[in-house]
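Enquirer: Here is what each chain is made of, one letter per residue.
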Amino acid sequence: MNDITHRPKKLKIATTSLAGCFGCHMSFLDIDERILPLLDLIEFDRSPITDIKHCGPCDIGLIEGGICNAENVHVLREFRRNCKILISIGACAVTGGLPAQRNHLDLGSCLTEVYLTEPGLAHGHIPNDPELPLPLDKVHPLHEVVKIDYFIPGCPPSGDAIWKFLTDLIAGKTPELGHGLIKYD
Amino acid sequence: MSDNAGSNTAHLETILGCHDHDPGKLLQILREIQEQYGHISPDAITRIASQLAIPRARAESVASFYSFLHIKPDGAYRVLFSDNITDRMLGSEELMRRMCQQLWVEPGKVSEDGLVSINTTSCTGMCDQGPAMLVNGRAITRLTHQRVQEIGHLIRNRTPLADWPADFFRVDDNIRRKGLLLDNKLAPGDALRAALTLGAANIVEAIKASGLRGRGGAGFPTGLKWEACRNAAGITKHVVCNADEGEPGTFKDRVLLTSYADLVFEGMTLAALAVGAQQGYLYLRGEYRYLLEPLQAILQRRRDKNLLGEKILGQPEFDFDIAIHLGAGAYICGEESALIESLEGKRGVPRNRPPFPVTHGYMQQPTALDNVETFCQAALAIQMGAEKYKAIGTTKSTGSKLISVSGDCPRPGIYEYPFGVSVRDVLQDCGAANTRAVQISGPSGICIAEGEFGRKLGFEDLPTAGAFMVFDDSRDMFEVARNFVHFFAHESCGFCTPCRVGTSMLKQTMDKIAAGHGTSHDLNEVENLDRVLQTSSHCGLGRTACNPVLHTLKHFRPAYENRLKSLDFEPAFDLDGALARARQMTGRDDTGAHLNTEET
Numbered sequence: 001m002n003d004i005t006h007r008p009k010k011l012k013i014a015t016t017s018l019a020g021c022f023g024c025h026m027s028f029l030d031i032d033e034r035i036l037p038l039l040d041l042i043e044f045d046r047s048p049i050t051d052i053k054h055c056g057p058c059d060i061g062l063i064e065g066g067i068c069n070a071e072n073v074h075v076l077r078e079f080r081r082n083c084k085i086l087i088s089i090g091a092c093a094v095t096g097g098l099p100a101q102r103n104h105l106d107l108g109s110c111l112t113e114v115y116l117t118e119p120g121l122a123h124g125h126i127p128n129d130p131e132l133p134l135p136l137d138k139v140h141p142l143h144e145v146v147k148i149d150y151f152i153p154g155c156p157p158s159g160d161a162i163w164k165f166l167t168d169l170i171a172g173k174t175p176e177l178g179h180g181l182i183k184y185d
Numbered sequence: 186m187s188d189n190a191g192s193n194t195a196h197l198e199t200i201l202g203c204h205d206h207d208p209g210k211l212l213q214i215l216r217e218i219q220e221q222y223g224h225i226s227p228d229a230i231t232r233i234a235s236q237l238a239i240p241r242a243r244a245e246s247v248a249s250f251y252s253f254l255h256i257k258p259d260g261a262y263r264v265l266f267s268d269n270i271t272d273r274m275l276g277s278e279e280l281m282r283r284m285c286q287q288l289w290v291e292p293g294k295v296s297e298d299g300l301v302s303i304n305t306t307s308c309t310g311m312c313d314q315g316p317a318m319l320v321n322g323r324a325i326t327r328l329t330h331q332r333v334q335e336i337g338h339l340i341r342n343r344t345p346l347a348d349w350p351a352d353f354f355r356v357d358d359n360i361r362r363k364g365l366l367l368d369n370k371l372a373p374g375d376a377l378r379a380a381l382t383l384g385a386a387n388i389v390e391a392i393k394a395s396g397l398r399g400r401g402g403a404g405f406p407t408g409l410k411w412e413a414c415r416n417a418a419g420i421t422k423h424v425v426c427n428a429d430e431g432e433p434g435t436f437k438d439r440v441l442l443t444s445y446a447d448l449v450f451e452g453m454t455l456a457a458l459a460v461g462a463q464q465g466y467l468y469l470r471g472e473y474r475y476l477l478e479p480l481q482a483i484l485q486r487r488r489d490k491n492l493l494g495e496k497i498l499g500q501p502e503f504d505f506d507i508a509i510h511l512g513a514g515a516y517i518c519g520e521e522s523a524l525i526e527s528l529e530g531k532r533g534v535p536r537n538r539p540p541f542p543v544t545h546g547y548m549q550q551p552t553a554l555d556n557v558e559t560f561c562q563a564a565l566a567i568q569m570g571a572e573k574y575k576a577i578g579t580t581k582s583t584g585s586k587l588i589s590v591s592g593d594c595p596r597p598g599i600y601e602y603p604f605g606v607s608v609r610d611v612l613q614d615c616g617a618a619n620t621r622a623v624q625i626s627g628p629s630g631i632c633i634a635e636g637e638f639g640r641k642l643g644f645e646d647l648p649t650a651g652a653f654m655v656f657d658d659s660r661d662m663f664e665v666a667r668n669f670v671h672f673f674a675h676e677s678c679g680f681c682t683p684c685r686v687g688t689s690m691l692k693q694t695m696d697k698i699a700a701g702h703g704t705s706h707d708l709n710e711v712e713n714l715d716r717v718l719q720t721s722s723h724c725g726l727g728r729t730a731c732n733p734v735l736h737t738l739k740h741f742r743p744a745y746e747n748r749l750k751s752l753d754f755e756p757a758f759d760l761d762g763a764l765a766r767a768r769q770m771t772g773r774d775d776t777g778a779h780l781n782t783e784e785t
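So the sequence lines, in the order shown, correspond to chains D and V.
Under the numbering used here, the letters of the first sequence match residues 1 to 185, in that order.
Under the numbering used here, the letters of the second sequence match residues 186 to 785, in that order.
Worth flagging that the hints you see were computed from the coordinates, not collected in a lab.
Beta carbons: idealized from backbone N, C-alpha and C, even for Gly.
Hints are supplied without guarantee of correctness; some may be wrong.
As the list claims (entries may be wrong) - Some residues of chain D that are not near chain V, with every Cβ distance over 10 Å (derived): (1) Ala70; (2) Pro133; (3) Leu134.
Said to hold, decoys possible - With a straight-line cut-off of 30 Å between C-alpha atoms, the simulated DSS-like cross-links for lysine-lysine are: (4) V/Lys750 with D/Lys138; (5) D/Lys138 with V/Lys294; (6) D/Lys138 with V/Lys531; (7) V/Lys692 with D/Lys183; (8) V/Lys750 with D/Lys147; (9) V/Lys692 with D/Lys138.
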C-alpha cells in the first residue's frame, strides 16, 4: 500500500573533491549549525567528513572539481554508478575552472617544464610510479565524462546556496536558486 | 596584390575620398581596401580609424566581423568552396580534398609561398548549378574534377583572374516555369507611370488592397509597412532593398537582379513615391559582387531615362536615387535590423525591435525595407491593379512566388507558381523521383517528409522565402541536419550568449553523435537546448537554429538512433586516448595507465 503522507527517510549523501581545492566543501561547512538538523534528514556515506574510502548506493552525490587525471575518472564513475542524483558543484566541476587553464598548453611541455627544465631538480625525471594517476591531456568538466543531473555554479557557491539546494532536493522539490544565491561577478 | 599591403597611403586616401571620409561607409571602405590589397593590415586599420575620426577598436571590430574581410594576409588566390548541403550532394567535399592535394595546402591555411588558401564558405546561392566556389570573391559554377584541376593550374601559373576562361564564371538563370512576374511585359517606367496616375497616397491603398505580403519569408503585409513608413514622423525617409540572399538553398533574388533588375528598381522607386523617400539602397550580398557593375549600368540607364534622379518623369517633387551597398559574407545581415546596422557601416548585429525600421530604420529615420521579390511584385500589383492581382494565389497569400529548386532532381532552377501550389506539384515539375524529404525555406524553415507532400506553399500552410531543397531516398537526413547546424554555429553573430554558445553546443552534440559517441541523453539535450534558444535568443537566428534537428528527429529518428551507443551517457572524446601523451612522457603502459572505455 502506498502511503500518501510524506515520511522522511534518511537520505544517503556522498561527497568528494576531484581536481578542486576543497573550497566548495569549506563552503558546505558554512551552513554552520544547520548541519545538525541536516543530519536528522541525511546520512553521509563516502565523504571527507566521514573518511569512508568508497561509496555504496546513495541518493545524492556532490562532486567539486573537474577531471584532470585517470583516478578522477575512476572516482567519478564510482559516484555515477552509486548515486541516483549526481550534482556538479562549483566552477571547476561545472566548467573545468582554474585547473583547465592548462588546456591550451601541451601536457608534454608542461611536464618537461616542471620536472626537467626548471632549475632545482637536479637529474629530475618525470614521475612514472604506477601508484600515481596519469594526467589527462586536457581538464574536463564532469558532465563531459558522465551524465550529471544538477549543477550548482559559483566559486564557491555560498553555504546558503548549498543549503537551499539540498533542502529543496530532500523535500522533493526541483531546486531553485533564487535572488542573491547566484552571483555573477 | 602588393606585398606592402595597406601601406600605400595614396591609394587609401583615394578610397577614403571616394566615400567622403564618412564613417557610415566604413564597411564599403574596408571592402575596397580588401579588394585592392588582399587583406586589411593593422596599419591600414589605424589609418582608417584616424582619418574617419572613429576609435580604432570600432574599425577593427567591423573588419573582423565579416567573413570576407581579412585582417591577416591570406593567399593571393583565395578559394572558398560553397558548403551548402546541395553542394556537398554534388561532391564538393571530394573536389576540395583533391584541390588541396593538387596545390599542397591544408584546408583553412595559406600555402607556404602565400599563393593560395582553400576553405569553405556558407551557401553562395548557386545551388542549381553547383558545386560552386568563390575565387577572390568571383563566383565559379558547375565544378567538376576537370574544372577544379584547370583552376589549380591557373593558380599555380599565377594567371590573373581576368584571363581565366569566361565560361567558368557563367551563371545561368535556369528559369523553368514562368508566371506573372517572370513573364511580365513591362517596359522600364510603365509601373511608375501607373503609380503616378494613382498618386502617392493611393499607391499605399492599392498595395494594401492587393493583399501583397513580403516575399522574404515573414510575410508581413507590404501595404501596412509602407503606410506606417509614410505616416512616420520625419522628412528624410529611405527605401532599402534586401538583396542579402543568404538563406542556404535560395537563389531567386540573384535571377531577379540578373534579368529583372529594372523591375526591382521600378518597385523601389514607386515605394519611394508612396512613402516619400529621397534615397534608396540595394544591399547586395558579397557573394553576388559580380552583379555590381551590371546593376550600376542599369541604374545609370534609368537616370538617363529620368526614371531616377531629380524630378522623376517630370514630377516636380519627385527626387529619388539608389545606391548599391555590398555586404561581406554575413548571413545575419539578411535580418532587417542587422542589415541596417551593416548599411550604417557597423557590425551586423540585430537591433532591439520595436522600434521597427518603418519609424527608426537607416540612420534612425523611417525606412521601408523589403525583399527583392517584394518590390517586383509591388510594381506588378500597381501595374495590373489590386483586384486583378488579388485574384491570383490564395485568400491570405495573393500573387505568385518564385521557388528556388535544388537538390535531387533533374531540373533544378527557378519556378514561379501562384501561391497555394502543393509540394507534390513542384516535385513533379522538377522531375524529382523517390523523394524522401523537402527542406522548405532553408535551414531555418521546415523539413517535411513523404505523407506531407500534399501541403501547400503559402502563408496559410508552409510559409517560404523560396528555398526548396529536395532529398531523395539515398540521402542521410542526419547529415543534412548536421550541415545546417554547422551553418548556424558559423553564422551566429555572437552578440547574445544563448545563440553564440547554444549553436556551438548543438554543433558539438551533432558531431558527437556523428562520431558514434551519442546517447539518448544527447537527444534530450537537443530538446533542452531548443527551449533555451527559442525563449532567450535575441533574434530569429537562435530561435530557428534547432529546427533542422527537431524536424529531422520527428521524421527520421532512426537516422539518429542508428548512430547512438546504447548507453545512458558517453563522453564525446576518447578517455584512454586522453592519457596517451602522459603515457608517452612517463614511459608507462601498466593497467593503471589506461582507462577502460566500456565501463560507465
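Enquirer: Which of the numbered hints above does this structure break?
Expert: Structure breaks hints 1, 2, 3, 6.
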